[in-house]
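2 protein chains.
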Amino acid sequence: MENPHLLCSKMVLTFMADADVTIETGIDTDIWDINGPHLFHYHYQAGPIVSAFAHTGELSIPVAVSQAVNLNFPCEEDQQVTGNGIFRTFRFRVKAGEHRTVDLFAAVYTGLDGGKPADRAYALCQSAEEQGFQTLFAAHADAWDKIWRGSAIELIGDDNAALALNASLYHLHSIAPRHADNLSVPARGLSGQTYKGAVFWDSEIFLFPVFVHTEPELAKTLLRYRIATLPGALRKAAEYGYRGAFYPWESQEGGAEGCTDYNVTDVFTHRPVRTYFRDKQIHISGDIAYALWRYFKITGDDSLLKEGGAEVILQCARFFLSRAHRRADSGAAELLDVIGPDEYHERVNNNAFTNRMAAFCMENALTIADMYRESDFFKALLEKLTYQADLELLRDLAPKLKKMHPEGAVVEQFDGYFKLEDASLETVRSRVLDEREYWGTNHGVAAHTQVIKQADVIAMMALFPGDFSDETVERNWRYYEPRTEHGSSLSACMYALMACRFRRPDLAWEHFVKTASIDLTGGGKHWAGEIYIGGTHPAANGGAWMIAALGFAGLSVENGEITLTPCLPAQIQTLRFPVTVRGKRVTLTVTQDGWTADG
Amino acid sequence: MENPHLLCSKMVLTFMADADVTIETGIDTDIWDINGPHLFHYHYQAGPIVSAFAHTGELSIPVAVSQAVNLNFPCEEDQQVTGNGIFRTFRFRVKAGEHRTVDLFAAVYTGLDGGKPADRAYALCQSAEEQGFQTLFAAHADAWDKIWRGSAIELIGDDNAALALNASLYHLHSIAPRHADNLSVPARGLSGQTYKGAVFWDSEIFLFPVFVHTEPELAKTLLRYRIATLPGALRKAAEYGYRGAFYPWESQEGGAEGCTDYNVTDVFTHRPVRTYFRDKQIHISGDIAYALWRYFKITGDDSLLKEGGAEVILQCARFFLSRAHRRADSGAAELLDVIGPDEYHERVNNNAFTNRMAAFCMENALTIADMYRESDFFKALLEKLTYQADLELLRDLAPKLKKMHPEGAVVEQFDGYFKLEDASLETVRSRVLDEREYWGTNHGVAAHTQVIKQADVIAMMALFPGDFSDETVERNWRYYEPRTEHGSSLSACMYALMACRFRRPDLAWEHFVKTASIDLTGGGKHWAGEIYIGGTHPAANGGAWMIAALGFAGLSVENGEITLTPCLPAQIQTLRFPVTVRGKRVTLTVTQDGWTADG
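From first to last, the protein sequence lines are chains A and B.
Each residue of the first sequence is one higher than the one before, counting from 1 in the working numbering.
Each residue of the second sequence is one higher than the one before, counting from 600 in the working numbering.
The following block holds chain A by itself, in its conformation from the complex (with noise of 0.2 angstroms):
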């Protein structure tokens, strides 16, 4: 952890008898990823330290690995290069009784991290080499222990569920990216090329609280890859003939799209399905900008915003101001032809969900110009983008664009969902005739009826929590939690924290088991029609941390103001955790009886 180009093991071994010992180790270049090899033109180089070099298929980066084997005992090495790595065998004699110890060192560097990657793989290597394991091993085991210091969750009641939700932050902080400035967190983290290593909202909707609350630096780091990657943005709202900053469904290296538009295949023909994920899941645009805000409003400090966060804020709500029509006689704002957050139902209009972010999207371009009126940053920043005109169509749109819910209504998820066959998740499941098949699309099982793939209008509740009452929001799970199939990992998590907003934490503790649990059960879904989406989901990690500590603990911070509102489920006595809030560590411990902060 302490250096992320780094591996090391070392292997103990005792042998219970005379032996003739081999051991092979070395470096396998036999690569793939989903397009075939992943690495191209290799060559190798032998000696004490061995090195791999070769390029990447598509971008042609440059990548280097090498190796070093400390073997404190006498034995015979020989090394071969075959088409498939360079490889090394060592062979020695034992006794039984005695002990060998084996120390692997390995390093790796890519053309994206500086200077010339072989160069850099060796010397590291030899420089661990020399440190030796021990020494790597304490500032390994120091990093993580920095890390658990500013996250790690105390639960005391329930060892399995305490265990899970650690596990959960385990898996987020062993890939998230420490070392860059601005970089994001795939869908599926490092555990596979699933979804070809692109990232999605997941990041800023599901990652980004953890974060912002234990790192918030981290926070910024992937706030900076959409800051970053504003011209692919840029590049395909043009593509789609609209102006402003359009996000990838499913970003990848410099903000493309990775997304296709044939992303499902069937399970009855064989043939590519045309999703339309990669063109009307809009509200990605709205989701960045929502985060964008959040860590200026958490943390009251304004410098994403002036580092190109006030410029990717102006950019979506251009892009959902010319993505929104007007209707020709009632003059009505729509959002027409979108897919919110639940997949099963594409091509609707006026999805509450994207219309709150949209809406939320253009009210804060409204308010940076209204706070940065008088700063020439963002004076420079209109004239560039020539937004003067703009600003006063998003004045006129935006509140017409918020559609307002009578109180206590259930909130219909899009323009005619009510209307839609009322089935119930059991009849819609007895439909299935083949259980890879897709539930949504024109033709899926789900897709016109009221069952849902995850939470969308409760998702709203969640993210605008003050549009809606306790009882509205109640009343909107009834209706909504019955007839969600959660077939996402990032359903559970929004019920569970809407399930604590109308103090019911008995109604979350089995969506939080389950969000905490996902990745120690292999739970979620492995298939969407015939492609593979199984690996690890970084998401419901984020999801299991939000809902002990924003749900379970209430957790609030605005501008740096910490306030709890505990709603502990009977299984959980104590609930202990740390937050970073303007640059303090602050330790709040939740029982049944109340709270302290300390720190």
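Hints were generated in silico from the structure; no laboratory data involved.
Be a bit skeptical, because a hint or two may be false.
Covered stretches of chain A (in silico footprint by chain B; criterion: 3 or more residues with CB under 8 angstroms from a CB of chain B, positions within the stretch not fixed) [to be verified]:
(1) 264-275
(2) 328-334
(3) 436-444
Only a predicted model underlies this, so the values are computations on that prediction, with no experimental measurement involved.
Heads up, the beta-carbon is just placed ideally off N, CA and C, and yes, glycines get one too.
Got chain A; can you put chain B on it based on the hints?
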């Protein structure tokens, strides 16, 4: 043909040997439709005239059928009532070489005909028997003769084509609602239960032209059906949250929508598929307004407009107004999420045909408002409909909705069509896994390619010839024709018409023969998914006349004035046909050398 309630037949039997003869006849009431038994509550009446009475299942309309048999020779008769009807058996003995004549008379009345159906059926049977077959046959032949004098086409040069063309007219005349004041023609005529006996845009776009030029009263009858069913169209618009008149895609009794939300069955899963014909084929309202306006322009007779036609046009324009959107930033006018004539591409934006049709409807509403500015009937209408504010909105919107296409350009069928995969018809066909599978909806093999079901841009050019130069039509024809599957019997006729427009009747000929002979060869598609869509093709029958008269002869009538721009294919030496203009029959003769008008 003289009396639509009466069926007569004469059998002359010649015997080659001595024999005991049995003739079985009667009234079979075992009638089923696609929803089950068609009739309920049967009762029967025996006697010299046998009768059966019943009520239809859904609307409980009384139906009466009577039968008389005239045998000019002695015989024994038994009558028997079973669960399936009333049957009669005649037994007699003959010697070799003798003749016997059997005349059958049957009469049918329903509760929609006025009076008591049972009494009227019985009385008509009685009267028919008294008048005798010869008299009735003469009246029938006279009636047909009168019809043929007004419409038969003499085509010299290709006997098969001549036969097919007049067979098409025979089909049309057999189903034309001459007996009614307001009634239209189902898409499969009276040939079966396909499409549930519903009326489509076929009536206004493909049947209206032949009737308005040969029997204008029939054209009026078709259009009065739309005037009479305006309430159904108002209800449908309201059901979808729009104002004005949204006519049914499949119009049933009283203008009720007969099209379902699931109009195709998937051949792979056998599950119903959500289709959007009902919701999105909004051009239907424009097609009806178009025909109403054309009736006025062709005949110069504004009686239909005053008898409700103007109200229909205003309500259709209002529907388009409430269905249209403006971009929130640019104010551009759009018709979003529609299906044009090409049903393989559902839910598209700004279909050129639909936008043009809607703009025309709006323009006509404005023209009518100008024409009748001082008229009391119109002032009362505007007040009844509280239409004044909408007129202002239309005046602003109509010109913006009428997209300008650069001269000579291939018109994009809808937003993004040119970006679709440009796969050849053969390539798309090669992807078909089941010959009955439907090519449209999101999963269809054509849906995301440029392969279209039927004329769409070319249909627009046929209906709005003044918008496009001959060269532009030709360029579009050559682009779209190879990409057209002609999966609808409405397609070839438009391509044939437009080939004449750019003076290439040789390119029209194949489409003409295919259109005219569809019901002789058993052509056309018989399946949409698992739904049978076979039967006769009135629209193609009307289309055959359109190609001959409007294409090959180049007939155009405006305000009672005839002009011809002949474009005869090499296969035709002479084309001679009557038209009725302002109550006067004129015979037009077209040869390769020119044309004459007599009468």
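Here is how each hint holds up against the structure:
no.: 1; hint: 264-275; result: holds (count 6)
no.: 2; hint: 328-334; result: holds (count 5)
no.: 3; hint: 436-444; result: holds (count 3)
No hint from the list above goes unmet by this structure.
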